[in-house]
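K.L.:
Listed below are the residues making up each chain.
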Amino acid sequence: MSTPSRHPNLTALVTIARREITRILRIWAQTLVPPAITMTLYFLIFGSLIGARIGDMGGYDYMDFIVPGLVMMAIIQNSYGNISSSFFGAKFGRHIEEMLVSPMPNWVILGGYVAGAVLRGLLVGVIVMCIAMLFTEVRIPHPLITISTVLLGATIFSLAGFINAIFARKFDDVAIVPTFILTPLTYLGGVFYSVKLLPDWAQVLTHANPIFYMVNAFRYGLLNTSDVPIWIAFALMIGFVVVLGGLGLWLLKRGVGLRS
Amino acid sequence: MSQAPALEIHELRKIYAGGVEALKGISLDVQPGDFFALLGPNGAGKSTLIGIVSSLVNASSGSVKVFGVDIARDREAAMRLLGLVPQEVNFNFFEKPFEILCNYAGFYGIPRAEAKICAEQELRRAQLWDKAHTMARTLSGGMKRRLMIARAMMTRPRLLILDEPTAGVDIEIRRGMWRTLKEVNAAGTTVILTTHYLEEAESLCRNLAIIDGGRIIQNGPMKTLLAQLDVEGFLLDIDGDLPNVLPVIDGVEIRAVDGRTLDLAMPRTMNLNRIFANLDTAGIRVRSMRTKTNRLEELFVRMTGNKDEAA
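Chains B and C are the protein sequences, given in the same order. Be aware that the first sequence starts at 1, since it is given in the numbering used here, and climbs by one per residue. Be aware that the second sequence starts at 1, since it is given in the numbering used here, and climbs by one per residue.
Keep in mind that a hint or two might mislead.
Stated by the list, open to error - Think about it this way: if two alpha-carbon atoms lie no more than 16 Å apart in a straight line, the pair counts; the simulated EDC-like pairs of lysine to aspartate or glutamate are: (1) C/Lys24 <-> C/Glu11; (2) B/Lys91 <-> B/Asp173; (3) C/Lys131 <-> C/Glu95; (4) B/Lys253 <-> C/Asp74; (5) C/Lys96 <-> C/Glu120; (6) C/Lys182 <-> C/Asp34; (7) C/Lys96 <-> B/Glu98; (8) B/Lys253 <-> C/Glu76; (9) B/Lys91 <-> C/Glu88; (10) C/Lys144 <-> C/Glu88; (11) C/Lys144 <-> C/Glu95; (12) B/Lys196 <-> B/Asp56; (13) C/Lys131 <-> C/Glu99; (14) C/Lys144 <-> B/Glu98; (15) C/Lys223 <-> C/Glu202.
If you are wondering where the hints come from, they were derived from the structure by calculation, not from laboratory data.
Just need the whole structure built from these sequences, with the hints factored in.
P.N.:
Here's what the structure looks like:
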């Protein structure tokens, strides 16, 4: 007789996360290799070739300056991409119904998918960090801030990807947000430059970009420098997690895009 | 204290966003241990009803209780009692059957080690153990159906709902699935079945409801409902050729299908001996006899007025 464990919700959450990790590793050529290749090219072209002519940025060698931004960019994009494609795939293939008819509460479904996406973000982050070490010396003077930023950033974009997948009706809908919103925000979020180089109006606009705070918090963790006070970056990141998490749970409760 | 019904539906209504009223106040009880058929033509509301019971569809009004647990008040507890085999294949084609079953058990909080043991048992019972570690997308249609039953049984549900589980599978596999379902029911699981194979419902189920246009139009024991049929049809195979003029028997409709077959429609209350005596007098020797139509099919057609559906 099958009986639930003493912590059925934890077992269910681990099951979803395990399934996500299995999927990530099964299709490693789609999930882990592309960010490694892309980031190697960024380091090579922007860091080594162009960076050598740019000189210092924010008081640091250009290669050192872009490492935190590129690592964070890879984490954000992969967390988002993982959950949006996986959850929408489950909707499209209807195997999401396995979870919807189960006794799992909504927070477990959301938590399991977010855990899987964050783990992919971490995995990709480690890979990109290792690649960065081939180009420059990477130190982590503030490990707690670094890891907290990675976790919060990956969680925020996992939640955003989840909400995207909830509303998506076709695969194009999953691709629209990364193409038209996520990529521009990432490139304009201070990955390749210090915000101080921008005109005043552009600096003000940049402060409305959530990725700007994540990149700077991560840069503080690695380089001890940031364009914004670190506490503001953390307050905003936590705020985003709460708002997006709440929205995700509300959408699940209403059954938007899932239950008719 | 009497046991709560396995399924208790009260005044259930569903109006979809487009304004279509799929269910128009359905009330239905299914008793524990029953093998229950839910029949109806396409678009009658069967899948909507099953969708609401399994929490995939939100009800507009009314209540659903599974073994006394209201799904609106305590969805988690109600879902723990329920197993669903949906009409459409809904597992991940890129996973392996063993993985699919273990993950499904995990969603119900069953520890991995226990899930693995249970998955092997269920895959063996479904005769899929040799396919346990092959990609699910490579399974045949019948195997996919059996896998969905095996998956639903992973949690040992007290109420198992199957929405056309044998659609599109060959007769041998279908009979194997019937055996499995009978075993499951005999072990104490309440089974609710929707099917378009009416002989399947007649041979498996003890009680049935016919739903049409979002309403229950017939509900009760199979035997009682079938007893409502006042006419029965038979086909008689004749030795030798039929005479040019067929005998006339009061209350019986006799028609020649071909030179050696008679089509007979007679009141259920009539004694067959009388008919055979009349045929014998007319020089017609009956070699064999078979029931013309499935009785439940006849009832279904009469109730729903939908002859295409019964075909």
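K.L.:
Quickly compare the C-alpha distance for B/Lys91 and B/Asp173 to 16 Å and report which way the hint goes.
P.N.:
13 Å, holds
K.L.:
Does the alpha-carbon distance linking C/Lys144 and C/Glu95 stay inside the 16 Å limit?
P.N.:
Satisfied, since the Cα-Cα distance of roughly 12 Å is no more than 16 Å.
K.L.:
Holds or violated: are the alpha carbons of C/Lys96 and B/Glu98 at most 16 Å from each other?
P.N.:
With Cα atoms ~15 Å apart, C/Lys96 and B/Glu98 stay inside 16 Å; holds.
K.L.:
Compare the distance between the alpha carbons of C/Lys182 and C/Asp34 with 16 Å, and conclude whether the hinted pair is satisfied.
P.N.:
Measuring from Cα to Cα gives roughly 11 Å; hence the hint holds.
K.L.:
Straight-line Cα separation of C/Lys24 and C/Glu11 no greater than 16 Å?
P.N.:
Holds, at about 8 Å.
K.L.:
Below or equal to 16 Å on CA atoms is what counts here, so check C/Lys96 against C/Glu120.
P.N.:
With a Cα-Cα distance of about 13 Å, the restraint between C/Lys96 and C/Glu120 holds, given a limit of 16 Å.
K.L.:
Are the Cα atoms of B/Lys253 and C/Glu76 separated by 16 Å or less?
P.N.:
OK: B/Lys253 and C/Glu76 at ~13 Å, within 16 Å.
K.L.:
Is C/Lys223 within 16 Å of C/Glu202, Cα to Cα?
P.N.:
OK: C/Lys223 and C/Glu202 at ~9 Å, within 16 Å.
K.L.:
Between B/Lys253 and C/Asp74, is the straight-line Cα distance small enough, at 16 Å or below?
P.N.:
13 Å, holds
K.L.:
Check whether the Cα positions of C/Lys131 and C/Glu95 lie no farther apart than 16 Å.
P.N.:
Given pair C/Lys131, C/Glu95 holds - Cα atoms ~12 Å apart, limit 16 Å.
K.L.:
Would the pair B/Lys91 and C/Glu88 pass a check requiring their Cα atoms to be no farther apart than 16 Å?
P.N.:
13 Å, holds
K.L.:
Mind checking the alpha carbons of C/Lys131 and C/Glu99 for me, to see if they're no more than 16 Å apart?
P.N.:
11 Å, holds
In this structure, none of the earlier numbered hints is contradicted; all agree with it.
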